[in-house]
Each structure stands twice: as C-alpha cells, then as structure tokens.
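Undergrad: The sequence shown lines up with residues 1419 to 1687 when you count with the numbering used here.
Don't read these hints as lab results, they were simulated from the structure. Keep in mind it's a predicted model, so treat the numbers as computed, not measured. For each residue, glycine too, the CB sits at the ideal point set by N, CA and C. Please note that the accuracy of each hint is not assured.
What the hints assert, rightly or not - DEER-style ranges, computed between Cβ atoms: (1) H1477 - L1453: 19 to 27 Å; (2) V1620 - G1534: 14 to 22 Å; (3) E1454 - L1478: 20 to 28 Å; (4) R1510 - A1659: 33 to 41 Å; (5) A1528 - E1454: 54 to 62 Å; (6) E1454 - N1632: 21 to 29 Å; (7) A1558 - H1458: 25 to 33 Å; (8) R1652 - E1454: 37 to 45 Å; (9) E1641 - G1499: 16 to 24 Å; (10) Q1481 - A1528: 44 to 52 Å; (11) E1454 - L1563: 32 to 40 Å; (12) L1604 - E1454: 17 to 25 Å; (13) C1658 - H1477: 50 to 58 Å; (14) L1563 - G1499: 15 to 23 Å.
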Amino acid sequence: MDGADGDWRRRHARGAVAGVDRAVTQHPPERQAALELRRHTMARVALGRVGTAQPTAAHLAFQAAHAQARDAVWAQAVLSGDVMVHSQARDRREYLLRPDLGRLLAPGTALPACPGALVVVVADGLCAAGVAAQAPALIAALRPLTPLPIGPVVVASQARVALGDAVGAAMGARAVAVLIGERPGLSAQDSMGIYLTWAPVVGRTDAERNCISNIRPGGLSAEAAAAKLAWLLRAAMGLCATGVGLKDDMPAASLAMPAAPAGPAELLP
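Taking the hints into account, I'd like the entire structure generated from these sequences.
TA: If you want it as structure tokens, here you go:
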C-alpha cells in the first residue's frame, strides 16, 4: 500500500469512519430530503458516501442482509396442521433446483374429502420461517370472516403455489388458499403471501389466482390480510372465478407501517 494508491486507500478508510456526517453537513437541503424519504421506506436509500463509494458500514450491512436472505431460503421450520403432505421434491436442494417437483403431490398421498369448503394450505415455500410466523394469526383472524367453512388445515412441505391445486382438487374444495413463505429480500426475511384459487384443479395458471403479498410486521398485518382474503372469496363466489377476472376493489386497509429501522450506515442521525 505504497505511493499514491496507498495514500488514497488510507484516506478512504478514514472517511468510512467519519465521512458520512461530514458529507451530510455540507449539503443540508439534501439531508432534509433524505430524512423525509427514510420516514416512508425500509429500503436502502440515502446511506451517505465516502468519495464515490458506500461507507464501509453500509457495505457490511448489505452483505449481512444478503447472507440472512440466503440462510432464510434454506432454513426449515416446524409447521403444524390437521393434515401433512409433501411434494415430489425429496429435499431442499431438489426443491430449489426442480420447481416443477414442488408443484406435484408425492405419490400415494391420502387426503380427506372436504366438498364445498375453503381449504387452507400452509406451505413452506421459499421462506419457511415467514409462514411459520404469520400463518397462525392469519388463520385465526380468517375463521370468523370467511363466507365458506374452512376445511382441515393442510401443511405442505417443499411446496410451490400450484401444489394447492392438487390438494384442493383431491379434497373437492370449492376454493383453496395457499399461505406460502415469500422469497426473502434484503429488508425482509419473514414475509408470507396468499394465493386464492377458485375451483382448484391441476393445471391452473397464475392468471387464475389472486395474490395478497408482504404479510409481515412492517407490511400488511395478518388481520388486514384476512379481511382482504375474505373479501376476495366473497367476490369469487359471485363470479365463480378468481384471477384476472376478479378485480380487487376492496377499500384499502389502514396499514400501520412502522418507521424504517436505523441502519448501521446512516446518512441521518
């Protein structure tokens, strides 16, 4: 680290410690705008800079979040329900490499008949921890709201969304709601989504479903998601369809969004 290059690196390292506050105080209007922006988002915005680079703390925080997201994809969770099923993916590695197997029920799967009911499938998906954390509260909130009786809760391992079609068809369900862990991101590793399908049969496409996403602390609450699911189900009963033909015209639920948590490389104090 000799010569001009070494001098630059030493200055850059010192700036990683103190450069953020200095950059902020030099541009008070930009600082105020960033303060306002960060009140409304958990995204990585307005982290400051050292020269043309991110501060070291911001870079390390990004790497840590990426590692947490990767770990969340591979993590397993203990899920409990009335009926346990498994896809044709034998393990997590095969599930990630062969999405098609996650859509198919394992051979010999036996399911109880539940004609005319709403079948709820709790699927691990790409974030088992997310569905384990959010599904119990959502199901509890849904029970007094749904216009259809809820059948036995089915827990599906190594499951993709379309596995719900096979489950619902085998049980004779009128509709199926798949509660599934959503792909982890850099700001959330605990999110769950819901996919509602009317008259489930194997071969339904995503265009024939309605989706409710970002169910998590800091996103859509379990109670608000349950209310929206019940509204969509009532609308589906009137149309005898879900998907692109069913528009979500429900008045927007009131969301209590928490303030964005302070990051390790803050532009703002």
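Undergrad: Hint by hint, say whether it matches the structure.
TA: Evaluation of the provided hints:
Distance hint check: the CB atoms of H1477 and L1453 are about 22 Å apart, consistent with the given range 19 to 27 Å. Take V1620 and G1534: their Cβ atoms lie about 19 Å apart, and the range 14 to 22 Å holds. The supplied range of 20 to 28 Å is met by E1454 and L1478, whose beta-carbon atoms lie about 26 Å from each other. Look at R1510 against A1659: about 35 Å separates their beta carbons, and that is inside 33 to 41 Å.
At roughly 57 Å, the beta carbons of A1528 and E1454 sit within the given window of 54 to 62 Å. A C-beta distance of roughly 23 Å is found between E1454 and N1632, which places it inside the suggested range of 21 to 29 Å. The given range of 25 to 33 Å is respected by A1558 and H1458, whose C-beta atoms sit roughly 30 Å from each other. At about 39 Å, the CB distance of R1652 to E1454 agrees with the hint of 37 to 45 Å.
A C-beta distance of roughly 21 Å is found between E1641 and G1499, which places it inside the suggested range of 16 to 24 Å. For the pair Q1481 and A1528, the supplied restraint of 44 to 52 Å holds, since their beta-carbon distance comes to about 46 Å. Judged by the Cβ atoms, the range 32 to 40 Å given for E1454 and L1563 holds: they are separated by roughly 37 Å. Checking the proposed 17 to 25 Å range against L1604 and E1454 shows it holds: the Cβ atoms sit about 22 Å from each other.
Remark: the range hint 50 to 58 Å for C1658 to H1477 is upheld by a beta-carbon distance near 53 Å. One distance hint, 15 to 23 Å for the beta-carbon pair L1563 and G1499, holds here, with the actual separation near 20 Å.
Checked against the numbered hints listed earlier, the structure breaks none of them; every hint is satisfied.
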